[in-house]
Amino acid sequence: MQMSREDLARAYRTMRTIRAFELAVNAEAQAGRVPGSTHLYAGQEAVATGVCMALNREDHIVSTHRGHGHSIAKGCEVGPMMAEILGRGSGTCKGKGGSMHIADLDVGMLGANGIVGGGPPMACGAALTAKTKKTGAVAVAFSGDGAANQGTTAESMNLAMVWNLPVIFVIEDNGWGEATSAEWAVAGDIVKRAEGYGMAAERVDGLSVGDVHEAARRAVTRAREGGGPTLLHIETERFFGHFNGDVDTYRSDATKEAQRRDRDCLNRFRAQVTEAGLMEPAALDAIDAEVEAEIEAVVRAARDAAPPDPATLTTDVYVSYGYEA
Amino acid sequence: MSEKTFRAALNEALHQEMAANPDVVVFGEDVTGGLGGDGEEDAWGGAFGVTKGLLAAYGRDRVLDTPISESAFVGAAGGAALTGLRPVVEIMFVDFIGVCLDQVMNQAAKFRYMFGGKARTPMVLRATFGAGARSASQHSQALYPIFTHIPGLKVVIPATPHDAKGLLIEAIRDDDPVIFLENKMLYDVTGEVPDQSYTVPFGEARVVREGGDATIIAFGRMVGRAEDAAKTLAKEGIDVTIVDPRTTSPLDTETILEFAEETGRVVVVDEANPRCGMAADIAALIAEEAFDALKAPILKVTPPHTPVPYAPELEDAYLPDAARIADAVRRVTQH
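Protein chains in written order, with the UniProt record's numbering: chain A, 1 to 325; chain B, 1 to 335.
For the record, the hints were derived by calculation from the structure and aren't laboratory data. Don't take every hint at face value.
Unchecked claim - Here are the simulated lysine to any residue pairs, SDA-like style, with alpha carbons at most 25 Å apart:
| no. | chain 1 | residue 1 | chain 2 | residue 2 |
| --- | --- | --- | --- | --- |
| 1 | B | K231 | B | T333 |
| 2 | B | K118 | A | T221 |
| 3 | A | K134 | B | A57 |
| 4 | B | K118 | A | W184 |
| 5 | B | K295 | B | Y310 |
| 6 | A | K134 | B | P67 |
| 7 | A | K134 | B | D61 |
| 8 | B | K118 | A | P307 |
| 9 | B | K118 | A | G136 |
| 10 | B | K52 | B | E192 |
| 11 | A | K133 | A | E77 |
| 12 | A | K134 | B | K118 |
| 13 | B | K295 | A | L313 |
| 14 | A | K134 | B | E227 |
| 15 | B | K118 | A | P310 |
| 16 | B | K300 | B | Y310 |
| 17 | B | K295 | B | E192 |
| 18 | A | K133 | B | N21 |
| 19 | A | K133 | B | E29 |
| 20 | B | K52 | A | D288 |
| 21 | B | K235 | A | A182 |
| 22 | B | K118 | B | N21 |
| 23 | B | K52 | A | P310 |
Keep in mind the model is a prediction, meaning the values are calculated, not measured.
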């Protein structure tokens with residue numbers, strides 16, 4: 001891995017935070033404390049982490065329904081995020097968005113998205129802002145293998161080339177679009193689809209945060225230098241079912257056990273950095289403990305937080321409307 | 001002040017706002033036209049010529065043609081608006097919203113609410129609408145009830161060149177997503193339009209004329225037809241008020257109710273189809289809020305519950321005209 005020791009520790013902390021957050025969300029959901037449904041990012045941590053470490057605060061991302069990991073990696077605070085998922089007034093979106101709409105414009109997170117394929121056009125727009133205002137920023141559209149089959153993704157890839165936008169399409173292929181495998185649902189090759197538009201594209205091992213980071217850095221550099229868009233097809237793993245209520249019977253127990261045993265990006269990271277002598281096991285254990293304590297505190301605070309004031313039902317529909325909606 | 005067409009009034013609004021604010025950008029299909037050809041630049045200036053000349057004044061960085069990809073560029077308008085531009089995008093015919101409604105309905109309209117009040121989405125989506133051009137079912141609809149139904153959107157329907165300019169400037173300066181609907185049959189209509197920049201506020205109806213016998217509420221091109229009906233009725237001794245709400249969201253319920261109560265007899269003229277349309281919405285409002293003042297049932301004058309037909313004889317029968325409006329007024333005044 002080409003990361004500095006400091007970046008390795010930072011990457012591990014982010015990945016571990018995402019994992020701990022998602023396991024906590026799952027526990028809260030199983031206990032009936034999450035009002036709606038959530039889509040867990042566990043297994044995909046290296047993707048959000050590796051990509052977002054190549055970005056600045058001023059860069060923008062758009063996310064998906066499986067957006068907790070992207071949010072954390074881009075800098076959203078986990079406390080308000082957990083409160084949002086539990087439907088509290090102190091949540092990132094004041095309890096109006098929930099798991100599928102976490103957004104924090106201050107850190108360049110333009111929102112998780114309940115619509116598969118909803119994000120890529122928005123990323124083109126953020127990239128257009130950067131290009132028009134010459135801010136040097138880039139925009140990243142995180143999408144899944146499912147969104148790769150949406151027309152918005154195809155339209156956005158074409159528009160991004162025609163307008164030469166500083167945008168990066170990250171197709172995060174976790175192998176499953178809801179309960180249907182990508183193997184069945186995706187025809188042809190996603191990298192070749194991008195190449196069909198004349199777009200730079202590469203396939204990346206999503207279990208390696210270092211590989212993801214390197215690929216993202218190449219794409220970000222290209223975008224910042226005016227070289228236009230890039231598509232990264234990143235192969236990763238989804239550890240849970242599509243949503244928290246999905247018992248995931250469409251994968252065998254043997255498959256799921258092998259996935260957790262052999263294809264866990266966190267285990268892989270630990271093995272690589274300790275074998276290479278880049279990080280001590282004790283340092284990794286210390287991060288684990290700190291993260292665990294932080295997430296525990298966040299969950300307790302979210303449980304104790306007040307629900308939104310009923311009066312906020314009709315606020316923030318518009319910036320101004322003349323009278324209440 | 002000078003006489004200008006509806007089209008020229010809109011063009012002037014775009015010029016003045018682009019000059020005033022570098023964050024204003026315009027994009028859409030053929031907003032210049034001719035890209036990649038060896039002929040004229042800015043060949044179209046929009047399918048109806050509304051954006052003509054912006055390219056020469058503001059360049060390709062701010063006046064961008066798009067591929068025929070409404071989802072991508074309407075969605076890009078939302079993303080651009082969230083991040084600091086004020087995009088004005090053109091959907092050539094509002095009917096094409098069918099291929100990109102998600103980016104309006106689920107995305108731009110809801111950013112502010114979903115994100116807990118932190119987002120501003122100052123985008124304008126301009127689109128032509130309306131029957132009368134013999135363009136059949138997919139190029140003629142009046143879909144403003146669909147947009148009016150969606151919280152988070154503002155919906156504007158100018159009826160005169162004066163209001164077209166002032167409302168468009170207001171729309172561009174507004175911090176919420178605005179659907180700006182231009183009846184294509186009005187582009188060549190002329191009227192007095194001030195040369196300087198000015199705004200017409202949203203949610204303030206225009207009282208076109210006042211008369212004590214009945215109140216007609218009409219939108220867009222139907223305002224002119226209501227005026228034609230009023231002239232005929234005046235000769236019969238029936239004096240009507242005409243209210244043009246100008247925006248359906250926000251809606252100036254105060255002015256509508258004021259004149260509904262004053263005359264007690266109301267006709268609502270709507271170019272949209274009748275079910276769940278503006279006419280039904282306003283009739284329900286008046287029935288709920290001004291029931292005691294009513295002297296007759298509220299009548300709706302709308303097209304039938306059909307797609308827009310092609311043949312002139314059919315299309316002319318589809319659209320409300322002055323005769324149908326006058327007939328409805330006679331019925332409420334004779335009740």
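Here is how each hint holds up against the structure:
1. B/K231 / B/T333: 16 Å, holds
2. B/K118 / A/T221: 30 Å, violated
3. A/K134 / B/A57: 20 Å, holds
4. B/K118 / A/W184: 40 Å, violated
5. B/K295 / B/Y310: Given pair B/K295, B/Y310 is violated - Cα atoms ~39 Å apart, limit 25 Å.
6. A/K134 / B/P67: Holds, at about 23 Å.
7. A/K134 / B/D61: Within the cut-off at roughly 11 Å; holds.
8. B/K118 / A/P307: 19 Å, holds
9. B/K118 / A/G136: 24 Å, holds
10. B/K52 / B/E192: 21 Å, holds
11. A/K133 / A/E77: 28 Å, violated
12. A/K134 / B/K118: 24 Å, holds
13. B/K295 / A/L313: Outside the cut-off at roughly 37 Å; violated.
14. A/K134 / B/E227: 50 Å, violated
15. B/K118 / A/P310: Distance ~19 Å between B/K118 and A/P310 Cα, so the pair holds.
16. B/K300 / B/Y310: It holds: about 24 Å lies between the C-alpha atoms, which stays within 25 Å.
17. B/K295 / B/E192: 37 Å, violated
18. A/K133 / B/N21: With Cα atoms ~12 Å apart, A/K133 and B/N21 stay inside 25 Å; holds.
19. A/K133 / B/E29: Between A/K133 and B/E29 the Cα gap is close to 22 Å, so the pair holds against 25 Å.
20. B/K52 / A/D288: Violated. B/K52 to A/D288 sits at ~61 Å, over the 25 Å cutoff.
21. B/K235 / A/A182: 72 Å, violated
22. B/K118 / B/N21: Holds, because 23 Å separates the two Cα atoms, which is no more than 25 Å.
23. B/K52 / A/P310: The given pair, whose Cα atoms are some 49 Å apart, is violated under the 25 Å limit.
Of the numbered hints stated above, those contradicted by the structure are hints 2, 4, 5, 11, 13, 14, 17, 20, 21, 23, listed in ascending order.
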